[in-house]
Structure formats: C-alpha cells, structure tokens
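Peer 1: Model the placement of chain B on the given structure of chain A, informed by the hints.
Chains A and B, in that order, give the protein sequences. The UniProt record's numbering puts the last residue of the first sequence at 637; the count rises by one with no breaks. The UniProt record's numbering puts the last residue of the second sequence at 383; the count rises by one with no breaks.
Since the hints were derived computationally from the structure, they do not count as laboratory data. Note that this is a predicted model, so its numbers are computed, not measured. Treat the hints with care, as some may be off.
As the list claims (entries may be wrong) - Chain B regions said to be covered by chain A (calculated; three or more residues, Cβ under 8 Å):
(1) 178-191
(2) 202-215
(3) 238-244
(4) 277-284
What the hints assert, rightly or not - Pulled a few chain B residues facing chain A out of the computed Cβ check, cut under 8 Å:
(5) S140
(6) G247
(7) L295
(8) G299
Glycine residues also receive a C-beta, built at the ideal position from the N, C-alpha and C atoms.
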Amino acid sequence: MVRRRKTLQRLMSRPDADTPSRGVFTRRALVVLGAQMAAFGLLGHRLYGLQVVEGDHFARMAENNRVSRRLIASPRGRVVDRFGIAVASNKVNWRALLLPEETSDIPGTLDRFSALVPIEARDRARIEREIRHKRRFIPVMLHDFLSWDDMARIELNAPSLPGVLIDVGTTRNYPFGPLMAHVVGYVAPPGDKDVAQDQTLALPGMRVGRAGIEQTQDGLLRGQVGAVEVEVNAVGRLMSELSRDEGQPGDEITLTIDSGLQQAVLGRIADQSASAVVMDCRNGEVLAMVSNPSFDPSLFDSGVSQAQWQEWATDPRTPLINKAVAGVYPPGSTFKPAVAMAALKAGTLSPTDRIFCPGYLDVGGTRFHCWSRYGHGALTLKEGLKFSCDVFFYEVARRTGMDAIAAASHSFGLGTNLDIELQHTRAGLIPTPEWRRAHGQHWNGGDTIVSGIGQGFVQVTPLQLATYVSRIASGRAVQPHLVRAISGRQTDGTDGGHWPALDMPEPFLAQLRAGMYAVVNEEHGTAPKAKLDIPGVQMAGKTGSAQVRHVSRALRESGHFDSSSLPWEYRPHALFICFAPYDAPRYAAAVVVEHGNAGAAVAAPLARDIMTDTLTRDPANRKEPPGQVVAEVEDFE
Amino acid sequence: MNFQKRLLRAEPNFRILAKLWQVNWLYVLLICALAMVGYGALYSAAGGSSHPFAGPQTIRFAIGLVMMVCVALMSPRVLTRLAWPLYGLSLVLLVAVLRMGHVGKGAERWLIVGGVQLQPSELAKIALVLVLATWFHRVSYRRMVNPLYLLPPAAMVLLPVGLVLKEPNLGTAVIIGVVGATIFFGAGMRLWQIALLLLPLPFLGKFAYSHLHDYQKARITTFLNPESDPLGAGYNIIQSKIALGSGGMWGQGYLHGTQGQLNFLPEKQTDFIFTMIAEEWGYVGGIAVIGLLMLMVIGGMLIAMRSRNQFGRLLGLGIATNFFLYCAVNLSMVMGTIPVGGVPLPLISYGGSAMLTVMFGFGLLMSAWVHRNDHFGEAGDRS
Chain A
1 MVRRRKTLQR LMSRPDADTP SRGVFTRRAL VVLGAQMAAF GLLGHRLYGL QVVEGDHFAR
61 MAENNRVSRR LIASPRGRVV DRFGIAVASN KVNWRALLLP EETSDIPGTL DRFSALVPIE
121 ARDRARIERE IRHKRRFIPV MLHDFLSWDD MARIELNAPS LPGVLIDVGT TRNYPFGPLM
181 AHVVGYVAPP GDKDVAQDQT LALPGMRVGR AGIEQTQDGL LRGQVGAVEV EVNAVGRLMS
241 ELSRDEGQPG DEITLTIDSG LQQAVLGRIA DQSASAVVMD CRNGEVLAMV SNPSFDPSLF
301 DSGVSQAQWQ EWATDPRTPL INKAVAGVYP PGSTFKPAVA MAALKAGTLS PTDRIFCPGY
361 LDVGGTRFHC WSRYGHGALT LKEGLKFSCD VFFYEVARRT GMDAIAAASH SFGLGTNLDI
421 ELQHTRAGLI PTPEWRRAHG QHWNGGDTIV SGIGQGFVQV TPLQLATYVS RIASGRAVQP
481 HLVRAISGRQ TDGTDGGHWP ALDMPEPFLA QLRAGMYAVV NEEHGTAPKA KLDIPGVQMA
541 GKTGSAQVRH VSRALRESGH FDSSSLPWEY RPHALFICFA PYDAPRYAAA VVVEHGNAGA
601 AVAAPLARDI MTDTLTRDPA NRKEPPGQVV AEVEDFE
Chain B
1 MNFQKRLLRA EPNFRILAKL WQVNWLYVLL ICALAMVGYG ALYSAAGGSS HPFAGPQTIR
61 FAIGLVMMVC VALMSPRVLT RLAWPLYGLS LVLLVAVLRM GHVGKGAERW LIVGGVQLQP
121 SELAKIALVL VLATWFHRVS YRRMVNPLYL LPPAAMVLLP VGLVLKEPNL GTAVIIGVVG
181 ATIFFGAGMR LWQIALLLLP LPFLGKFAYS HLHDYQKARI TTFLNPESDP LGAGYNIIQS
241 KIALGSGGMW GQGYLHGTQG QLNFLPEKQT DFIFTMIAEE WGYVGGIAVI GLLMLMVIGG
301 MLIAMRSRNQ FGRLLGLGIA TNFFLYCAVN LSMVMGTIPV GGVPLPLISY GGSAMLTVMF
361 GFGLLMSAWV HRNDHFGEAG DRS
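Extracted from the complex, chain A is given alone in its bound form (with noise of 0.2 Å):
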C-alpha cells in the first residue's frame, strides 16, 4: 500500500512534496476524475446511440419538419359553345389582402383603409377574427372584386397602409347569365363532405360544379392541382423552395350548344314558362336548349340569400329545375307517330288502312270521345296523323297493345334516361301492364286506349321528344348530347355515322314523316301555322295539347267546354314536335308551353319560328357564328 502511493506520487507530484494531505488528495482526485471520465464517456455513448444507432428515425423526424407540401390551385377550365364564344370563364378578382406582421396598428390601418373602400361592419368582424386566429405573416382578405377607382386610392395611399396589398384571384364568370344557366349550371364553395373526399379542394379558390356541365364534367374542368414543396422554418415562415410541379390548368368544354341560337330561342319564348330543344338530328348535337324562367349562375359562387332561394322554391313556375330535363308532361297527341310506329311493327295497321272514326269509341262498355265530336270518318294512317285523330289510335293501340307500344317508345327514347350530360334529369314513363301490376294495380283496356294518345300515365321530357323527333327523321338511333370536344378534341358523338341504324323499316319510317309532313303542309292539318316561311323548304310536325286534368264526360258533351278560360295551372300543356327540311332532315326540335292550352295554336307557331331561327343560322353547316355577333363579353384570361 505505501509503495503503491509512493509509485503514485513519483508519478503524479515532485518527490520532494510529501504530506498527508497531499496523498489523500491525490487518490481521492483520481477517483473524481475517474468518475467524471466516465461520466463523459457515458455522454459519448448516448450521443452515439442517438446520431449513429437511432439517426435515421431522427433524421425522418428532421425531414418532416422541414418539408411542407403546399398545393396550388390551377385555373378551372372554360365551357364554350360550338362556336368557342365563352359561357363560363374566370374573371380576374382584385383583392385586397393585409398581412398582419406588416403593420404595428391593425386597428388603425383597418380605419383608414375603409376610409377609401368602405368595410361593411360584419366583414369587419370577420376580419378581425382572422388576425386572431391566423399566423401572423398570412394575408387576410379585406375586401374583394375591388373596381379600378378602389385599387387606384388604395395605391394612393399605400404608405398610409402598411401590410396592405393588392392581390389577383378569380371567380367564375357566366357572360349570358340566365341564358345558359339550365346548361352550364353553376359552382359553389365546396362543402366540408366535398373537401373530405378531396383534400385540394380546401385550397383558397377553389370551385365544386353544382349543377349542369359544371356539375357533370366537374373532374375535367377542374384539372390537376399543382404542388410545390416548400423548405419552411419552426414557425412555419417559407425559407425556400424546393420543387414545384405546375399542375395541370382544366380542360375547356366546348359545348354543341349555339349560343346565338340559344339567345333567340329564348326571345321568342319570352316570359312565357316553356321548354325548348333543338337537335341536329343526324348526330344528337343539342344546339339549344332553354328552360324559361331561369336563374343567374353567378350568385351561387358567393353564396345565394336566404330571400332568394325563398323566391326560386315558391315560384310555380320552377325557374331552379331545367325543364328540358326534369320536366314530365303528358306527350299528347305528339305520341301518336311513336304509337302508328308500334302498330306498323307488329302488322296491327299497314299503311293502307283504313279505320272508322264516328267520333267515338266503345270499349268494354267505357266510350272513348275524338276531339271532333262529329268522327273524321275513315282515316290512313297517314290521314290519322293529319287530323291527329283520336279514335284512329285507341283503335290502333287497342289492336297492338301496350307492351309492344312501349318497346317502340323505347326505342324512340321516349321514357328512357337519355345519356345527357346533366345530372337531376328524369326518365319520364311509358307505363306498361307489368309496371302497373308492380306498383299493386290491375292494369284495364282503357288504360291501354288513353295512352294510345298520349295520355293516363304516359310522361316525356321534352329533351325526349326532340331525340325521339330527331330519330324519326334520321332514322338512327342518336344519342343527345351537350358536349362537342374536350379541349380541342372532339368526342365520338360528332360524326352521325357514329349513331347505329334504329330498329324500324324506312318505309315505316317515311310514313311517319309523311304524316308529319301532311300535319304542317296540307290543307286540313292540324298545324297549318307552323308552315315555314322558307321557299322550298318545309317542315314537318306533330302537335300535342296534353290536359293535366279529367275533363269530364258531362262538360266535354255539353260542346261549351273551352280550356282556356280554366285557371292557368290546370290548362293543356302546348306541345310540339318538328323537323327540317322534310326532304333532308337536318333539324329536330321540341317544344312544350306549360299550360299553353293548345299545341296547335301556341305550341306550332313558335316551333315555327325557332326552326326558322335554326335553319337560317344553320350551326350545323357553320364554322363560325353568323353575321352580327350576338355578346361581346367581357372575358378576362
């Protein structure tokens, strides 16, 4: 023990230096010092079992601190009509932004901004509430669709405002306003279920298609939402950037729509509350298609007022709801080609035919009346359709029977969901025995008989009858559709040989048009007003008056029933169907006047003048608008 210390000092000390003290102190500093070496050694494993064993845990840590992916919202993309005239665009929005860490007095700089651009109280309030709320080096909006004057003193005053700044989004912008809304619809905010299924649309800007093609080509339009990835620090401030992919801007829809056509089709609908539906029968294109009353698109992207929506929902003459497509009527007498074609078919009637109208006709003891108390005497099928007889198709739906009916309405698209582009359309019904019996009801002759004219529970849409019109004339089975090309490219439905043959004899066919043809041309047809005014060019029709309440058997025969003087809502709705020109079908269109009483009278003329209105604009044939140039829009892009 003593050498071991003595060895220790000669180490450790000058030989010379000995006491107690010192030896104590030397060994007791040894252990301390072992301790503390070992402390650090301990220290040095722990930071080796922190970088080396665990750093990929903690540099993946490090990584997500760092990295933020932030989106940006591409432009959404425009919807144009077959000639490219805009029907719904972005419009640039001049906003002013104030960003809070820029300015030591919010209060103040609030004040002397609404100074120059007033700030309602609520906005105020709203405002002040983001500041709270929001990292201070993020914008807050103050004040949006800011006019020329209001950006000019705001720039003015620019020193006076510190952390304001001026700042470009957009907003959706519908040139025709209610002209098109039926067909382009709208877009709104996206609810909190919308950003839930996709997390880019909590982007600031970003639009969800409620309605129509918005609503419909929703995903296109939108296109691809861009990302970048952004180096940020603790408190979230961007440092830098670290890749960035554009995104992909939305496709442009270009629509089959006319919109100058459209324009005067609603003209000459005016404020009367109707559905019309031009066609180009040989392919399906939809060139116009109005539902009147309508709406203005635009208020939906901001939000629609309470008293609004009050006004739409309680307004009988639903201006929310596109009648082309959501609205059912009884076809009337314009069923009755879709009704000789089911009889043709089954051999029931051949065209040389002829039957018997006295005025009436019994059936298992019910008598059925002919809108000419006095009988039309024995009719063609052709002469049928001329006089719109009434007795000769209960007669002829008596012989062919319900089912076989059906199926030809089918195939006319009548009743059917017709593949459009819209969504909130409805099917209508060509009701059957089978369907009666499903729904728990016995399905009787007579049933049978008043569908014969279009009437019991017969409902068509009037885009209906313009595809079932529109295949009578052309012959093939054609699909209406709303969109012509996707950014640029154009979709199948274009050329008309896409469209298969219909199932029906031309020959069958050419009596149909025949009739028709004798309906609007010949003396002693039913719509003699619907003549067009076109020198060697002719049209053919059906008229339709579809009564939307029992008229009873004692009013009809006391002879002083008149429909006109009923109550507005419960007289005969107008129809009318209609091609042109009649030897080489082109044009196919549908109208239906609710509650127009007479199809002949009301319905006819203004096929007339629509069809006149296609035939000298002539889309079809056109690559650009004719003549005058229906809106000079502005359009921002």
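Peer 2: Just chain B now, kept in the frame of chain A:
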C-alpha cells in the same frame, strides 16, 4: 530553471514576467481552441454571420482572457484574503436577486448592474470554491476527523445552495452542492463521515420533490415522457434529439444543419449550442468537442494534483469539477438524459456572465499552477 529562479528573486517587475512565463500556456491554448469552436458554432447559429452572437462573444472572450491572466498572477495569499469578502458579496447578491431580480422562465435569476446582466449564482460557485479552499487549507487532514471542523464549511455550502434553491434554480443549486461536496471529499473528509451523511439522503430527496415548483415538476415529467406534450414543455427535448439524430455520423455540413438553421431548435445559441454543432458536424464533431472538454477537465485535475499547497489543490479540484459539471449537465440536458435546466456549455454557449465567471475560474486555476510550489500558512500537517 536557474534563469527562472533568478528572475523570481529579482525586481518586482521581473517577477511578474517570470510569473507570466510560468502560466500554463498549453492549457490556455486548449481554452482558446474551445473558444474557437464556440465562435464557429455561434457564427452558424446566426445563419452564417458573426453578428449578433459570434462577434460580441469574441470580445467577451478577449476580456475574459486578460482577466484570467491577471488572476493567474495573484498569489494564494492575496486570494485567501479575497475569499471571504468575495463570498460575502456573492451572498449579498444572492439575497438581492431574490428581492429585485429579473424573472426568467419562472425563476428569479439575474440582476442588472450598470446595464450588465449579472447571475449571482455563477459568482457564488467560484466564491464558494475559494472560501472552502481557504478553510481547508488551514484545517489539517488530521483535524478533520473532528466533525466540528466540518460544520462551518458545511454552512458555507448550504447557505448559497439554499438561496439559489429559493430563486428557484434547481440545476445550479445541485451544481453548487456537488462542487462543495467534491471539495469536502478532496480535502479528506473521512469515509465513515460520508457514509453517515448519505444515509438520510433518500428521505431528503422525497422531501425536496414535494417542495419543487410546478414548472420544475413539469420538467421532470416531460423529461420522463417528452412526447406527452410535444409542442409544450417536451418540445425542446424532442427537437434537440431530432436535430442530433439528423446529424448522423458525419453531420449535415457546416451551416447546413436543417433543424438549427430553420429555428426548430430552441435556444440554439445558448443552452442547445452543442446540438447545433453535433447536427452540423455529426457524431464525429460531437465526440471531438466532448474530447476537448475532457482534456480541459483532465488538465484541471492534473494542475490541482501538482500543487504543493492544499489551497491550490482544492482550488483546482473545485474549478475543474465546476467546469465538468457545467459540461455534463448541459450535454445530458441536450441529449435528453436529465431534465432541462438553463445550464450553458462553458466557453461555447453565447452569454457574457457565464463566459466571464468561467474565465475567472480558469484564472484561479492558473494561479494555482503558477504558485504550485508556494508554501504558506498551512496548518501543521507536516510530520
């Protein structure tokens, strides 16, 4: 050697030169090396600029260096005479800081004297070392068997410990206590005395915990489970570990440590400077810094052992242990091994008061080296 002896016997002016010659310049070089590491780290903490940290810190270091050399030249006799007034002053300041100190993070810690932030607890540590060394210099190893000779120095330790606890600064109080205990140990306290003292410690610990402040308890609980409050009290620990881990073996590169440069790392220029260094230089850099700190401690202890008077030995032991404790507590803290407390990494962290007290301490250490062969007023230990 003869030359030196001649110098020492010569004129007073020459004696100063001779003492300067005696200063352990190798150790000074080591101190400068650490200060250089500190400069580099502070330069990076400012995002690659000597402003606002590295520049001022260098000036403080220069002042500290001059002060260190001045203190190194003071003889032990002077220092023993200075010990009591200095200790008294530190107690007065500790009371003053309790009465009118500035609150920082729930604890009263600093005084502002003439525009300079002063942490009395820092001064108290040095003063305690000095006063204990003075006491045990006069009380011989033999006499220490009598516990009565241990009571006054025990009071000298407990007084500042109690005042600092009241601030309340648990970390510094523990450091002061451990430094005091180490000097007791080095001075030759008998092992049975130590054992007798350690016996009631567990009960004392329990009593102490019940008297901890909420924020101190929070530190202990968040330390035990930092993820329980990732954005609150646990944030510092988690972020420090993330930054260390992202450094890996070789580091992210100087000025390229993402966590430090992007401010995820809290207090990176002060308490968490080591994290920043280890993020940018990796495990290799971290170990290099720990190696330098170890050399500093070893050097200090060797200087203490070389002294031929008890005062110098205990002074060296106290200063070296104090330095070691600073380093160990700071490193454990940034590695999430002990609860966070405001203990800087000496010579590297940004901060004036810590830098000056550390340099003052090294001045004392250097004085022990320069005067290692002096004999003065030692109690009759010779036999």
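Peer 1: Would you mind marking each hint as holding or not holding in the structure?
Peer 2: Hints, verified against the model:
no.: 1; hint: 178-191; verdict: holds (count 5)
no.: 2; hint: 202-215; verdict: violated (count 0)
no.: 3; hint: 238-244; verdict: holds (count 5)
no.: 4; hint: 277-284; verdict: holds (count 3)
no.: 5; hint: S140; verdict: holds (7 Å)
no.: 6; hint: G247; verdict: holds (5 Å)
no.: 7; hint: L295; verdict: violated (10 Å)
no.: 8; hint: G299; verdict: violated (11 Å)
The structure shown violates the earlier hints numbered 2, 7, 8.
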